[in-house]
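Here the structure of chain A is known, so what remains is to put chain B in place on it, guided by the hints.
Number of protein chains: 2
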Amino acid sequence: MREVAVVAAGMTRFGELWQSSLRDLWVDAALETLANARADHVDAIFVGNMSAGQFVGQEHLGPLLADQLGMRGTAAVRVESACASGGAALRAAFAEVASGLSDLVLASGVEKMTDSTDVTEVLASAADQELEVYHGVTFPGLYAMIARAHMHQYGTTEEDLAWVAVKNHRHGAKNPRAQFRREVTLDDVMGSSLVAEPLRLLHCSPVSDGAAAVLLCPLADAKRYTDRPVKIIGSGLATSAMALSDRANIADLDAVERSAQRAYKMSGVVPARMQVVELHDCFTIAEICCVEALGLVQRGQGGAAARSGCTALGGRFPVNTSGGLKAKGHPVGATGIAQVIEIFEQLRGEAGERQVEGAGIGMAQNMGGSGASSVVHIFARA
Amino acid sequence: MREVAVVAAGMTRFGELWQSSLRDLWVDAALETLANARADHVDAIFVGNMSAGQFVGQEHLGPLLADQLGMRGTAAVRVESACASGGAALRAAFAEVASGLSDLVLASGVEKMTDSTDVTEVLASAADQELEVYHGVTFPGLYAMIARAHMHQYGTTEEDLAWVAVKNHRHGAKNPRAQFRREVTLDDVMGSSLVAEPLRLLHCSPVSDGAAAVLLCPLADAKRYTDRPVKIIGSGLATSAMALSDRANIADLDAVERSAQRAYKMSGVVPARMQVVELHDCFTIAEICCVEALGLVQRGQGGAAARSGCTALGGRFPVNTSGGLKAKGHPVGATGIAQVIEIFEQLRGEAGERQVEGAGIGMAQNMGGSGASSVVHIFARA
Chain A
1 MREVAVVAAG
11 MTRFGELWQS
21 SLRDLWVDAA
31 LETLANARAD
41 HVDAIFVGNM
51 SAGQFVGQEH
61 LGPLLADQLG
71 MRGTAAVRVE
81 SACASGGAAL
91 RAAFAEVASG
101 LSDLVLASGV
111 EKMTDSTDVT
121 EVLASAADQE
131 LEVYHGVTFP
141 GLYAMIARAH
151 MHQYGTTEED
161 LAWVAVKNHR
171 HGAKNPRAQF
181 RREVTLDDVM
191 GSSLVAEPLR
201 LLHCSPVSDG
211 AAAVLLCPLA
221 DAKRYTDRPV
231 KIIGSGLATS
241 AMALSDRANI
251 ADLDAVERSA
261 QRAYKMSGVV
271 PARMQVVELH
281 DCFTIAEICC
291 VEALGLVQRG
301 QGGAAARSGC
311 TALGGRFPVN
321 TSGGLKAKGH
331 PVGATGIAQV
341 IEIFEQLRGE
351 AGERQVEGAG
361 IGMAQNMGGS
371 GASSVVHIFA
381 RA
Chain B
1 MREVAVVAAG
11 MTRFGELWQS
21 SLRDLWVDAA
31 LETLANARAD
41 HVDAIFVGNM
51 SAGQFVGQEH
61 LGPLLADQLG
71 MRGTAAVRVE
81 SACASGGAAL
91 RAAFAEVASG
101 LSDLVLASGV
111 EKMTDSTDVT
121 EVLASAADQE
131 LEVYHGVTFP
141 GLYAMIARAH
151 MHQYGTTEED
161 LAWVAVKNHR
171 HGAKNPRAQF
181 RREVTLDDVM
191 GSSLVAEPLR
201 LLHCSPVSDG
211 AAAVLLCPLA
221 DAKRYTDRPV
231 KIIGSGLATS
241 AMALSDRANI
251 ADLDAVERSA
261 QRAYKMSGVV
271 PARMQVVELH
281 DCFTIAEICC
291 VEALGLVQRG
301 QGGAAARSGC
311 TALGGRFPVN
321 TSGGLKAKGH
331 PVGATGIAQV
341 IEIFEQLRGE
351 AGERQVEGAG
361 IGMAQNMGGS
371 GASSVVHIFA
381 RA
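Chains as they are written, first to last, in the UniProt record's numbering: chain A, 1 to 382; chain B, 1 to 382.
Calculated directly from the structure, the hints in this document are not laboratory data.
Hints are supplied without guarantee of correctness; some may be wrong.
Quick partial rundown of chain A residues pointing at chain B, CB under 8 angstroms, derived from the structure [claimed, not checked]:
1) 72
2) 75
3) 100
4) 125
5) 372
Beyond 12 angstroms from chain B on every Cβ pair, some chain A residues (computed) [unchecked claim]:
6) 39
7) 149
8) 226
9) 272
10) 353
Derived CB-CB ranges, DEER-like [stated by the list, open to error]:
11) B:190 <-> A:245: 54 to 64 angstroms
12) B:228 <-> A:245: 38 to 48 angstroms
13) A:271 <-> B:35: 34 to 44 angstroms
14) A:136 <-> B:40: 32 to 42 angstroms
15) B:18 <-> A:273: 53 to 63 angstroms
16) A:43 <-> B:19: 43 to 53 angstroms
17) B:220 <-> A:18: 46 to 56 angstroms
18) B:194 <-> A:121: 30 to 40 angstroms
The beta carbon of each residue, even a glycine, is placed where N, CA and C say it ideally should be.
Isolated chain A, as found in the complex (with noise of 0.2 angstroms):
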């Protein structure tokens, strides 16, 4: 298998964006990365989105964006794994790389969702139809009964979950991509609206709009394209049950798990060397249950980690220093790659306001649903 490079990301602020169509951002994204690499092409394209066709009446994002970039002819194709799709494209760029069938290739992510009335519907499209929405629930409601389950079996509190929100708000302030560029008290997140008990408004990540790319190459052909590439050392691609209802234990985010334990397999690289995390946070509780099923600490103690600062710029294991997905924004399709160039950055030590001081090594968690699939990979600067 040829080693593997990250050599150049490029991103869209992410927000509601309503002077831009998902042509647009998916547009701005790659330039912005193809300039910072002075690529004047790639071979292969893979674009990671949930549900244009649902959120914008558009499939067949390959071609159209290939066109759009310019690059008409260019092998292109979308990947799906709901909002893990970034990290799923992320996957098979590495896969189309790795195996020697393309040289440089572009893996990206985008979703436009402010264009759409059903929001909470579309998204509800990721769960399991039959067995959870066809009863009328929608992720807010899912992870509501993760929240309980976790506060029930290991004595999670709801500030534990407040405390998360705080902290990716105190991270996506210092991000001038966030949607969110403004902190949160505690009182704040444990004030705001219910929207399903236990989880307030500032447990959820927003509707955003964004897209985001990063360029991949062999390393030995890394050289050409920056002075400073990342390696990608570990992939892991896992899934879980559809249905919470099927699982053994619905606080256990267990594709998380089993994600995680490939990736560190394959890059042979320990959780306790990670030195920066962006996780999938898409409501507060998630970001609980994923450092824990990552490794990062015992099962049990996510709020906890939030609460003392473990989790936190300058502790022992900083999470989500773009802000995550709760400050930063959720586009989902680009989400698990916006996740990456934040990882990439830190590793190459351009995280301004938010560098984690001499990180060599991190990890992007990239999550569909309720946790039924999860794409992890490692990286270490090369």
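Using the frame of chain A, we list chain B on its own:
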């Protein structure tokens, strides 16, 4: 790059399968495939699917289907390139095995179309929403324009178009899994009702339900699963302008030509050596354009190829011995994999009444939209 083999296949009958849901169809095809290889696990699953989100309100097919198959936990992801989703899923699975990321991989496709009341509208989301669909055109209209252009430039006649349908129905009558197992006459086609002039009902592939799967592994391991493996010797993916109005010549399917050139180059095989070909006849005109773009006949000779018997069973280049999309049916996400199954069975000498004697090299070409994306794979007996 590791050499990759197809070692087993399975598919449902194609048709209006009212009793089966999307998940039922896919599981049937996957179980048949695994049983044929006596395999009880896979390392990864790729699902080709165009639009389950719009057709049946279900995205996130990777974990859903892995779970339904009893393989909860397995890496599983969806790949989409409109009607070329199956071919694109095969290519992603090929890269996964060729790279060494996984050893045993299921490449599959599925579409459940008959549950939707807006099939034509959903399919139209594979065209350019802003430049085409917004103005009212759907695929019969787009292919009618391609047909008119071909007639104008090359003298192709309505009768030439009709011969494609006659031939493919003749082939389909010999295929137990075909949606239409009956022959049609030239008069039947020429007298069928107009859909979009010059295309009549019998120029159009039907709305179908169905699923198909093949199992891939490194060639070095193939004998564990079958004594007659088939090698993948070439893979090409390409795109074109999304909107017909942006193409230099709408009668030339340049993405098809480009994808074929890439696959020919990788395989080292020239078109003249093809012994059996499955190609994307979503409308009869598409077959005429594709036999030209694949280099099987000269530009402008696609109509003559059907009329003369060149592309019939027993002819120089047997095309769509399965019945093609026209007669076998076209559950869009499954089509690209079903094409591969026909070639797989032909190269193993298992095609029964449709057998091309001594076939050792074959090709499958799968395309999306009005030809904005195309995937070509070339296969050889191992």
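Restraint: residue 100 of chain A near chain B, CB-CB cut 8 angstroms. Satisfied or not? OK, holds: residue 100 of chain A within 8 angstroms of chain B, min 4 angstroms.
Please confirm whether residue 39 of chain A is truly not at the interface, meaning its C-beta sits more than 12 angstroms away from all C-beta atoms of chain B. Consistent with the label, residue 39 of chain A stays out of reach of chain B, its closest Cβ about 18 angstroms off (over 12 angstroms).
A closest beta-carbon separation below 8 angstroms is what the hint needs, so does residue 125 of chain A meet it against chain B? Interface hint status for residue 125 of chain A: holds (5 angstroms vs cutoff 8 angstroms).
In terms of Cβ atoms, is chain B entirely out of 12 angstroms range of residue 149 of chain A? holds (19 angstroms)
Starting from the hint 38 to 48 angstroms, judge whether the C-beta atoms of residue 228 of chain B and residue 245 of chain A obey it. Check passed, 43 angstroms falls within 38 to 48 angstroms.
Within 54 to 64 angstroms or not, the Cβ separation of residue 190 of chain B and residue 245 of chain A? With Cβ atoms ~56 angstroms apart, the hint holds.
Quick check on the hint: residue 75 of chain A CB to chain B CB, less than 8 angstroms? holds (4 angstroms)
Can the suggested window of 53 to 63 angstroms be confirmed for the beta-carbon pair residue 18 of chain B and residue 273 of chain A? Given about 55 angstroms between the Cβ atoms, the range holds.
Is 30 to 40 angstroms right for how far apart the beta carbons of residue 194 of chain B and residue 121 of chain A are? holds (38 angstroms)
Hint check, residue 72 of chain A versus chain B [nearest Cβ-Cβ separation less than 8 angstroms]: holds (5 angstroms)
Given residue 372 of chain A as an interface hint, is its Cβ closer than 8 angstroms to any Cβ of chain B? holds (4 angstroms)
Is it true that the C-beta distance of residue 220 of chain B to residue 18 of chain A lies inside 46 to 56 angstroms, as the hint says? Hint holds: Cβ distance 55 angstroms, inside 46 to 56 angstroms.
The earlier numbered hints are all upheld by this structure, with none contradicted.
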